[in-house]
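Peer 1: Put chain B on the given structure of chain A with help from the hints.
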Amino acid sequence: GQNIDQPTEMTATEGAIVQINCTYQTSGFNGLFWYQQHAGEAPTFLSYNVLDGLEEKGRFSSFLSRSKGYSYLLLKELQMKDSASYLCALTIYSGAGSYQLTFGKGTKLSVIP
Amino acid sequence: DTAVSQTPKYLVTQMGNDKSIKCEQNLGHDTMYWYKQDSKKFLKIMFSYNNKELIINETVPNRFSPKSPDKAHLNLHINSLELGDSAVYFCASSQGSAGGGETQYFGPGTRLLVL
Numbered sequence: 307g308q309n310i311d312q313p314t315e316m317t318a319t320e321g322a323i324v325q326i327n328c329t330y331q332t333s334g335f336n337g338l339f340w341y342q343q344h345a346g347e348a349p350t351f352l353s354y355n356v357l358d359g360l361e362e363k364g365r366f367s368s369f370l371s372r373s374k375g376y377s378y379l380l381l382k383e384l385q386m387k388d389s390a391s392y393l394c395a396l397t398i399y400s401g402a403g404s405y406q407l408t409f410g411k412g413t414k415l416s417v418i419p
Numbered sequence: 096d097t098a099v100s101q102t103p104k105y106l107v108t109q110m111g112n113d114k115s116i117k118c119e120q121n122l123g124h125d126t127m128y129w130y131k132q133d134s135k136k137f138l139k140i141m142f143s144y145n146n147k148e149l150i151i152n153e154t155v156p157n158r159f160s161p162k163s164p165d166k167a168h169l170n171l172h173i174n175s176l177e178l179g180d181s182a183v184y185f186c187a188s189s190q191g192s193a194g195g196g197e198t199q200y201f202g203p204g205t206r207l208l209v210l
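As they're listed, the protein sequences go chains A and B.
One gets the working numbering by counting positions in the first sequence from 1 and adding 306 to each.
One gets the working numbering by counting positions in the second sequence from 1 and adding 95 to each.
Be aware that one or more of the hints could be misleading.
[As the list claims (entries may be wrong)] Computed list of lysine-lysine pairs in BS3-like fashion (alpha-carbon distance at most 30 Å, straight line):
id, chain 1, residue 1, chain 2, residue 2
1, A, 387, B, 147
2, B, 139, B, 166
3, A, 414, B, 104
4, A, 382, B, 136
[To be verified] What follows is a list of derived Cβ distance ranges for each label pair:
id, chain 1, residue 1, chain 2, residue 2, range
5, B, 113, A, 376, 42 to 48 Å
6, B, 104, A, 311, 30 to 36 Å
7, A, 317, B, 135, 17 to 23 Å
Just so you know, these hints were derived from the structure itself, not from any lab.
Ideal Cβ placement from N, Cα and C applies to all residues, glycine included.
Okay, chain A solo, but in the shape it has when bound:
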C-alpha cells in the first residue's frame, strides 16, 4: 500500500516563507504533484517533480528527493490568498501500463496578517 504524510495544519504570517513537507512510502512511485485547493473549490495544479531537485515557479518552489521519499513545497512572500489546502499527490504505477494519482490528506495553510 501507500503511505503519504503531510502536516494537517500550518499557520504563517503574510510576507513570510513557509515550507510544507510531504513524506511517502510506496512502491511503483513515478513522480510527485502539488495541488492547491481553496475552500469549496476544485484542486488546481501547482507543480510536478519527477527528478530529484528543486523546481522553481515564481513564488512557489517544489523539491523532491526520491531516495528519501521526501518532498516539500516552499511558498515565499506569502499573501492572504495563499490560505488554502496544499495536497501532495504521488503518481503510482497501478499495473497494465497505467498510473494513478494518489493524494495525501492535505495541509491546511492559514496566512495571518
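Peer 2: Okay, now just chain B, sitting in the frame of chain A:
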C-alpha cells in the same frame, strides 16, 4: 468556456434513491477521472477512463457505475444511495495518464448530501 464542467453542483436526496452526476470536458483530453472527497477533505480516486475504456476501478461499491458515451463525457450513476455517500465528487481530465506527469484539470465538484 469552462474546461471541465459538472452538473449538478449541489445534490440533496433521500437514502435509497438513484442519482446521476454528469461531467464534460472541452479540452480534448483522452483520460477522465472521478474522485470522492470526504468530510475530512481526503481526495480519493474512484474510476479512470481512457478513450471511453475503464482503466482504473478502485474498491468502490458496485452501486457506483461510471459511463463514458464518448471521450469528452464521463458520467457517474449511483444506485441505492446511502448516508456514507455524502461527499464532494470531483471529475477531472488529463491529456495522458498520470504516469507521464500530465496535469489533471478538475471540475468544480458536486456536493452530494444524502438524508
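Peer 1: Against the structure, test the hints numbered earlier, and report the numbers of the ones violated in rising order.
Peer 2: 1
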